[in-house]
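All chains, full assembly: derive it from the sequences and hints.
Under my numbering, think of the first position of the sequence shown as 1, with each following residue one higher.
Hints are not guaranteed to be accurate.
What the hints assert, rightly or not - Calculated pairs, DSS-like style, for lysine-lysine (alpha carbon to alpha carbon, straight line, at most 27 Å):
no., residue 1, residue 2
1, 190, 179
2, 60, 181
3, 60, 179
4, 63, 181
5, 55, 181
6, 219, 190
7, 190, 63
8, 55, 184
9, 135, 150
10, 63, 184
11, 43, 55
12, 43, 179
13, 43, 100
What the hints assert, rightly or not - Distance ranges between label pairs, derived from CB positions:
no., residue 1, residue 2, range
14, 154, 39, 23 to 33 Å
15, 227, 207, 19 to 29 Å
16, 204, 70, 42 to 52 Å
17, 134, 255, 24 to 34 Å
Hints in this document: simulated from the structure, not taken from any laboratory. Just so you know, even glycine gets a beta-carbon here, dropped at the ideal spot from N, CA and C.
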Amino acid sequence: MGIKRSWLCAALVLAVAGAAAGGCSDGQADRAETALTSAPVLKTSVPGMELVFVKGGTFKNPKSNYYESGIVVRDFYIGKYEVTQREWTAVMGSNPSRFKGDNLPVDSVSWYEAIEFCNRLSLMEGLEPYYNIDKGRQDPGNKNEVDQVKWVVTVNEGANGYRLPTEVEWEYAASGGQKSKGYKYSGGNKPDDVSWNWRNSGDRYLSGGWSWHVIENNKTTTHPVGRKKANELGLYDMSGNVREWCWDWYEDPDIEAGLYRVARGGGWIGDIHTIEISFRGKFDANGIGPDQGFRIARNADSATVG
Numbered sequence: 001m002g003i004k005r006s007w008l009c010a011a012l013v014l015a016v017a018g019a020a021a022g023g024c025s026d027g028q029a030d031r032a033e034t035a036l037t038s039a040p041v042l043k044t045s046v047p048g049m050e051l052v053f054v055k056g057g058t059f060k061n062p063k064s065n066y067y068e069s070g071i072v073v074r075d076f077y078i079g080k081y082e083v084t085q086r087e088w089t090a091v092m093g094s095n096p097s098r099f100k101g102d103n104l105p106v107d108s109v110s111w112y113e114a115i116e117f118c119n120r121l122s123l124m125e126g127l128e129p130y131y132n133i134d135k136g137r138q139d140p141g142n143k144n145e146v147d148q149v150k151w152v153v154t155v156n157e158g159a160n161g162y163r164l165p166t167e168v169e170w171e172y173a174a175s176g177g178q179k180s181k182g183y184k185y186s187g188g189n190k191p192d193d194v195s196w197n198w199r200n201s202g203d204r205y206l207s208g209g210w211s212w213h214v215i216e217n218n219k220t221t222t223h224p225v226g227r228k229k230a231n232e233l234g235l236y237d238m239s240g241n242v243r244e245w246c247w248d249w250y251e252d253p254d255i256e257a258g259l260y261r262v263a264r265g266g267g268w269i270g271d272i273h274t275i276e277i278s279f280r281g282k283f284d285a286n287g288i289g290p291d292q293g294f295r296i297a298r299n300a301d302s303a304t305v306g
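This is the structure we're talking about:
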């Protein structure tokens, strides 16, 4: 389907844009989650795949891009973890990831493939797909010259199926929602406590400035989801491990909408600043790489907690 394999270029851009070791144990992470949240959990038909309820409201974290913006987020559900390879394979039938492992986050998936996953999971559960996907036409609003896919994807208003989070929802959840403690990263102010990043994801802990050569020779990889500290809402890996697709087109004063889709949270390749809750990443919609994954979401008013 013409997927662009230029993940290294994207990683280099992230590193150039910005110029303490180990995480908590599994037991510590479990205890932290229990203490942090008792929010309703929405279970999918795929064993172990759960979504956490996020109470809506305005942004409470001063480090958020949307703090004091007046934006009010509606209640929603979002994945407790990044979608794993076991979950992806259960829905899609194959595993595209570079790094293999059932509990590793799925990687090397494009925005289009993440959209398809959401619809297929919805159909598996008898839900109405959230997206209308027309593969027979090219999106006139897609201005990306290297994206040869350009499917026309629109939202099926009122559908009760799974979807990608919007960028606003993603940042609201990553920043702790109404329970925010004002952290710089999702769940804390020390990156190694809450994330797998370029320094701590390989054979040895790296220091000094970001260097692809050093990363490549350190056998750096993704790690099983849920091994680091959860954030205030009981969500894991929203900083680091893999970057996460959002629904939105990326747009800022220098870049017009229609060129890139939003990717948030940073990953194991990019420099430390890319895992901050405020960092806005972007990537070609057809782009894939070993640091690119996602988590799912669902409207709260269309979901039944089981």
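Here's how the hints hold up against the structure:
For the suggested pair residue 190 and residue 179, the alpha carbons sit about 18 Å apart, so the restraint of at most 27 Å is met. Restraint check: the Cα-Cα separation between residue 60 and residue 181 comes to about 8 Å, which is no more than 27 Å; the hinted pair holds. This hinted pair checks out: residue 60 and residue 179 have alpha carbons roughly 8 Å apart, not beyond 27 Å. Taking the CA atoms of residue 63 and residue 181, the gap is about 10 Å. The hint holds against a cut of 27 Å.
Our distance criterion of 27 Å between C-alpha atoms is met by residue 55 and residue 181, whose separation comes to about 15 Å. A C-alpha spacing of about 23 Å is found between residue 219 and residue 190, which places the hinted pair at or below 27 Å, so the restraint holds. Using a Cα cut-off of 27 Å, the hinted pair residue 190 and residue 63 holds, with the two alpha carbons roughly 15 Å apart. A distance of roughly 21 Å separates the Cα atoms of residue 55 and residue 184; the hinted pair therefore holds under the 27 Å criterion.
Between residue 135 and residue 150 the alpha-carbon distance is near 8 Å, which keeps this suggested pair within the 27 Å criterion. Distance check on the hinted pair: residue 63 and residue 184 sit about 6 Å apart at the alpha-carbon level, within 27 Å; holds. This hinted pair checks out: residue 43 and residue 55 have alpha carbons roughly 17 Å apart, not beyond 27 Å. With a C-alpha separation of about 22 Å, the suggested pairing of residue 43 with residue 179 holds against the 27 Å cut-off.
Pair hint residue 43 plus residue 100 holds up; C-alpha atoms about 24 Å apart against a cutoff of 27 Å. Evaluation of the 23 to 33 Å hint for residue 154 and residue 39 yields a pass: the beta carbon distance comes to about 31 Å. At about 22 Å, the beta-carbon gap between residue 227 and residue 207 stays in the expected band of 19 to 29 Å. Between residue 204 and residue 70 the beta carbon distance is about 46 Å. The supplied range of 42 to 52 Å therefore holds.
The beta-carbon spacing between residue 134 and residue 255, approximately 26 Å, falls within the hinted interval of 24 to 34 Å.
Against the hints set out earlier in the document, no violation occurs for any number.
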